[in-house]
Amino acid sequence: MIHNNRKFVIRLTFILIAAIYLIKLFAIQVMNEDYQAKANSNIIDREIRYPFRGLIYDRNGKLVVYNAPVYNLEVIPKDVQLKDTLAFCNVFGITLEEFDEKIAKAKQYSYVKPSIFIKQISNTTFATVQDYLVDFPGFRIQARTNRAYSYRNLANALGYIGEISPYQMERDSANFYRQGDYIGILGVESKYEDQLRGKRGVKYKMVNVRGVEKGSYKDGAYDTLSVAGENLVSTVDITLQEYAETLMTGKRGSIVAIEPKTGEILTFVSAPFYDPNLLTGRDYGKNYSQLAADTTKPLFNRPLMGAFPPGSIFKIVQALIGLEEGIITPQSRFHCDRGIIDCHGPHTYQDLRGAIEVSCNPYFWNVYRRLLNQGASENTFVDTEIGLEKWRKYVMSFGLGHPLGIDLPHERAGYVPGPSLYDKIYGDNRWKFSTIYSNAIGRGELQIVPLQMANLAAIIANRGYYITPHMIKSIGEDGQPLAQYQEKNYTDVSPEHFEVAVEAMSDVIKRGTGMRANLPDIEVCGKTGTVDNEDRGEEDHSVFIAFAPKDDPKIAVAVYVENAGQGARAAAGISGLMIERYLKGCTERAHMEEYILNGDFIY
Amino acid sequence: MRESNQLVNRLDWGTIILYFLLVSLGWLNIFAVVYDIQADQSIFDLSLRSGKQLVWIVAAGLLIATIMLVDFRFYSSFAYFFYGGIILILIFVLLFGREIAGSKSWFAIGSFRMQPSEFAKFATALAVAKYLSTNNRVFYNLKSQLTLFAIIGLPAVLIILQGDTGTAMVYAAFVLVFYREGFSPLLLGIGIAAVILFVLTLFINQVYLIIAVVVTAFLLIGLNTKKTKRIVTIAVTSFAVISLIVSVDFLVTDVLKPHQQNRIKALINPDGDPLGYGWNVTQSKIAIGSGGMWGKGFLQGTQTKFDFVPEQSTDFIFCTIGEEHGWLGSSVLIVLFVWLLYRVTIIAERQKSSFARIYGYSVAAILFFHFAVNIGMTIGLFPVIGIPLPFFSYGGSSLWAFTILLFILLKLDAHRLQMLTR
Chain A
1 MIHNNRKFVI RLTFILIAAI YLIKLFAIQV MNEDYQAKAN SNIIDREIRY
51 PFRGLIYDRN GKLVVYNAPV YNLEVIPKDV QLKDTLAFCN VFGITLEEFD
101 EKIAKAKQYS YVKPSIFIKQ ISNTTFATVQ DYLVDFPGFR IQARTNRAYS
151 YRNLANALGY IGEISPYQME RDSANFYRQG DYIGILGVES KYEDQLRGKR
201 GVKYKMVNVR GVEKGSYKDG AYDTLSVAGE NLVSTVDITL QEYAETLMTG
251 KRGSIVAIEP KTGEILTFVS APFYDPNLLT GRDYGKNYSQ LAADTTKPLF
301 NRPLMGAFPP GSIFKIVQAL IGLEEGIITP QSRFHCDRGI IDCHGPHTYQ
351 DLRGAIEVSC NPYFWNVYRR LLNQGASENT FVDTEIGLEK WRKYVMSFGL
401 GHPLGIDLPH ERAGYVPGPS LYDKIYGDNR WKFSTIYSNA IGRGELQIVP
451 LQMANLAAII ANRGYYITPH MIKSIGEDGQ PLAQYQEKNY TDVSPEHFEV
501 AVEAMSDVIK RGTGMRANLP DIEVCGKTGT VDNEDRGEED HSVFIAFAPK
551 DDPKIAVAVY VENAGQGARA AAGISGLMIE RYLKGCTERA HMEEYILNGD
601 FIY
Chain B
1 MRESNQLVNR LDWGTIILYF LLVSLGWLNI FAVVYDIQAD QSIFDLSLRS
51 GKQLVWIVAA GLLIATIMLV DFRFYSSFAY FFYGGIILIL IFVLLFGREI
101 AGSKSWFAIG SFRMQPSEFA KFATALAVAK YLSTNNRVFY NLKSQLTLFA
151 IIGLPAVLII LQGDTGTAMV YAAFVLVFYR EGFSPLLLGI GIAAVILFVL
201 TLFINQVYLI IAVVVTAFLL IGLNTKKTKR IVTIAVTSFA VISLIVSVDF
251 LVTDVLKPHQ QNRIKALINP DGDPLGYGWN VTQSKIAIGS GGMWGKGFLQ
301 GTQTKFDFVP EQSTDFIFCT IGEEHGWLGS SVLIVLFVWL LYRVTIIAER
351 QKSSFARIYG YSVAAILFFH FAVNIGMTIG LFPVIGIPLP FFSYGGSSLW
401 AFTILLFILL KLDAHRLQML TR
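Quick mapping for you: the protein sequence lines, in order, are chains A and B. The first sequence begins at 1 in our numbering and counts up one residue at a time. The second sequence begins at 1 in our numbering and counts up one residue at a time.
Just so you know, the hints here were simulated from the structure itself, not pulled from any lab data. Glycine included, C-beta positions come from ideal geometry on N, C-alpha and C. Certain hints may be false.
[Stated by the list, open to error] Only some residues are given here: those of chain B computed to face chain A with a beta carbon under 10 angstroms:
#, residue
1, Ala240
2, Leu244
3, Phe371
[Said to hold, decoys possible] Below, simulated DSS-like cross-link-like pairs (lysine-lysine); rule was C-alpha separation at most 27 angstroms, straight line:
#, chain 1, residue 1, chain 2, residue 2
4, A, Lys7, A, Lys261
5, A, Lys113, A, Lys251
6, A, Lys261, A, Lys550
7, A, Lys7, A, Lys38
8, B, Lys265, A, Lys38
9, B, Lys352, A, Lys7
10, A, Lys78, A, Lys102
11, A, Lys251, A, Lys297
12, A, Lys214, B, Lys52
13, A, Lys393, A, Lys510
14, B, Lys352, A, Lys24
15, A, Lys38, A, Lys218
16, B, Lys52, A, Lys78
17, A, Lys218, A, Lys286
18, A, Lys214, A, Lys251
[Claimed, not checked] Which chain A residues stay away from chain B? Per the calculated CB distances, all over 10 angstroms, these:
#, residue
19, Arg11
20, Ile17
21, Ser110
22, Ser173
23, Ser226
24, Lys261
25, Tyr288
26, Thr348
27, Met592
Generate coordinates for the entire structure from the input sequences, incorporating the hints supplied.
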C-alpha cells in the first residue's frame, strides 16, 4: 500500500515503451519505402523467355539454317518416386550405377529445384519416352533449341553460335546479354547477330525462400512475350555451293562467285571445309578442338583471309589504268624483251589485246614504267613517288588494298604498296621504278584476297563498277539488304576503256591459257594467274578469274587452288565447271569434271 | 451453485475477453504463417501448426477450468511447493532432458513435449509473492534481500545452464515488482543506468564515453568543491562507470558465446551481414516494413507465405501482423497488449492481500518483459533472444504457462473480498 505513486510510474513505463514501438513501426512501415522493394526482390524470380533465333534461307528459298528442338531430361529429387528403377534405366538407356550417380549429383545441387538429369535426348528417344513419363514422377522433359543445318556446306560463311565470352559481356554496353546466353560467333551468325537474336521476353514468378516456384506474379501482368529473330535470305545458291565444295574436295584453296550486277555472292568456298553440324550440339567442344588443331586449317576463312600476290590477273588492272591515264592505247605495242623480265610463249610484239591474251610480262613492264614516270618532276625519285601515289589511288578504286565491307567478320584488306612503304624499306627518295617493277606483273608487294579477286572479275563484267559483295540479300519482313549493299562503287577508269580488256579476256578462253573454261554455247571471259612459290619450295598456286556471258554477265568467279601448278589447269577447269553448272543447271563436260575431281594437276 | 455464480460475477471479464481475443488472433496468424497457397489446407488440419495450436487452446480451456475450480487459498498455501517442484523438474531436465536447437530444455514423453522453463515463470511469481507478503521490511534487511534475489536467481541460473539464456533474462523483470513494493529506487535507477550504459557502449566508441564521463565528473566536482564526501562519491562513481564501459568489451568478446555475440552485432549493424547473422533481423524488418499502412491482407503476406522469416510462428510471429495488417494492425495489437497490462495493474492494485497484489505485479512484469523484448527484437531494437509473444506465439508449453499465470491472478481477484488483509 505504501509507494502508491509507483503504480503510475509503472503504467507510464508501459505506455512509453508502447509509444516508442509505435513510432519505430511507423518509421519502418509507413515512412521507409525500401522494405517494400526488398520484399519484392525476395520473392520475385525473373525467368527469361528465350526468343526463337532467326532462320537463314538460300537465294532460292531453301532452308539452310534452322533451330532444332533438343530435349533435356530434368529431375526434381524431392518428387521422385520410382517403383521400378530398372525399367526407368531401360527406357533411357543408362545403367543403374549411372542412375545412382546422376541422382546423387542432382540432390547435391538442390533437393527441390530442377536440374538436368540426362542432357540432349535424341528426338527418337523423346518420342518413345513421352508416354512413359507418367510412370516416372519427378522427371520431366525440358525443350530447348540448338542450331541445325540442312546442308553440310557453307560452314565458313554461316558461322556458328556459342556461349557469350566474358570479353564480349564487358563490351555489351546495352546489357542485353546475360551469362550463359548464346551469341553468334563468326560468319553471318555474328555479323547479323542483332537481327537474328530477336528480343527476350520475361516471365515473373513468385518463389519462396528456397527458390521453389510458387506461381505467377500478379497473374502475369508484367510478363512479356519473346519476339523471334528476323529471318535472313542469303545470296548464296546452296546447290551451287554444294557442287563447288565437291569440286574442291581434297584440295586447299577458295572459290568465290558473285552476281556482278548486284554484288550478291553466289558461292563462298574455303577449302578444306567442314560440316557446320559439327559445331552444334553435344560434341561442339570436342569437334572444335579437333578442327582448331587440324594442320590444314579448315577454320581459316581463305576467301577473306588468304592473302597472296595477284599475279598475272593484275595485268588487266594495269592495262585499264594505263588506258585511263592515256599513256597507252589499245594499239600500243611493246617488244617482248626477255632481257628485262622473263616471259613465256611464242610471241614477240603484241598490242594490248594480244598482250593480255598471252600474258606478256615485258609489255606490262613498259606500261608500268610509263605509268610511274610521267615527267611530273625532273627528279626521277620524286617523279616515281608522284606516279606511284597516283597509281595506288587507281588500284584502290578497284577494291584492292582495303576491306570491301562484306557482311562477314575478319575481312583482310590485302595490300597495295605506296611511297610510305618504300620510304621505310629503302629510305626517302632512294627508290625508283627499277626498284619496284615487280608490281607491274602483279608480284612485288601487292597482296590480294580471293574475295577481291572475284570482285575484280565483277568490276570488269560490269565495265567499271562494283556493288560491295555481300552474303545476305534480304532481312526479315523488309526484304532489303543493308543500305551499303545497294550502291554502285565506280572505279577511276571510265567504262569505254573496259571493252578491249573484255575482248582480250574472251580471247584467253578461246585461244589462250583459259581453254579449260571454254564452253561451247556460252561466251566466257577469263584470265589465268599463277602464284610463284619458288622461294618457299612449294608448287605454284593455280589462280583464275572469269565471268560469263560476255554480254550481260550473270556470274563472276575467282578460283584459287593451292599448290596445283599453273592457273590454266585446276583453277580454269573449276571456273568453267562452275559457270557451266550455274548457267546451264547441269554439267555436260563430264571429262572436265572428272579431271578436276581426280585432282592430278602437277605433271 | 451459488459459489460458482458468485465466481462468474466476480471474474474480471475485461481481462478474459482480452485473453481470448489475443489467443484467437494468435491462432489465425499462426495459420497465416503455415499457409501454402498451392496446397489445399484447412485451418483445423492437425498436421499443421494452426491445428495443433487449436488443440493447445482447447487444453488451455481445461486448465482454466481446473484453476477456477480449485480453492483460491490453495495457491498461496502451496506457493513454495510449486516453486520447489519446478526447481526439481528444472534440475531433472538438465540431467535427462532432450536437447533441441542448442538448448537442453525439453522433456519428451513419447511425442508429447514440454518445456519446464515456461512453467517456472508462474511458480517463481507465486514464490516471490509469498515471500514478500510474509516478510515485513524485506527491503531494509540485507539477508532477506539476498534471499529474494536467490528466489529469482535460482531458476534463472538453471535455465542458463540449459543453454537458454534468453528465457533466463525474463527473471530480470521482477525488479518491476520490487520497485512497486518499495525497493530503493536508487538501486533500481543504478541498474537501469548500467543497462543503458552497456547499450551505449555497444553503439558508441569507448573513448568518447570515457571522455564524457571524465568531463562530467570534473564539472560535478567543480560544483561541489566544498563537500569532500561528495567529491569522493563522484570520483568513485566515475571510476565504476569507466570500468563498466571498459568491461563491456571484455563481456562481449570473452564471456558471450559466438552466437550471442552475433546477435549483438546484428542489433548494432544488421546490414553488416544480411545473409549471415543479420538474416533474422533483416528479413523480419523487410516483412514488417513491407506491410505499409494497411498491410497486404490476411493470407496475402508474401514474406510470410514464402518462409523468408525464420521462426515465424514462434519468436517472430509479430512479423505476420506487421506484413499482413500493416501499421494499423500492429498498432491494434500493441494497444491490446498495453490494455491487458494496464488491466492487470488495476487488478493488482485493488487487491487487499499483498500476496495477490505482488503476484499481480509479477504477472504484469513478466508479460511486459515478453511483449517488449519480443516485439523489440522483430523491429531491430533488441538483440534476438528466443522468447515468445504471450498468447500469440505457437507452442503448447508457453500458451499453458501464460494461461496459468494469468488465470491464477483472475481467480485470486475473484475472491479478493474474501481474503484477509495482511
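Handout entry: Ascending list of hint numbers which this structure does not respect
Key = 1, 2, 4, 5, 7, 13, 14, 17, 18, 19, 20
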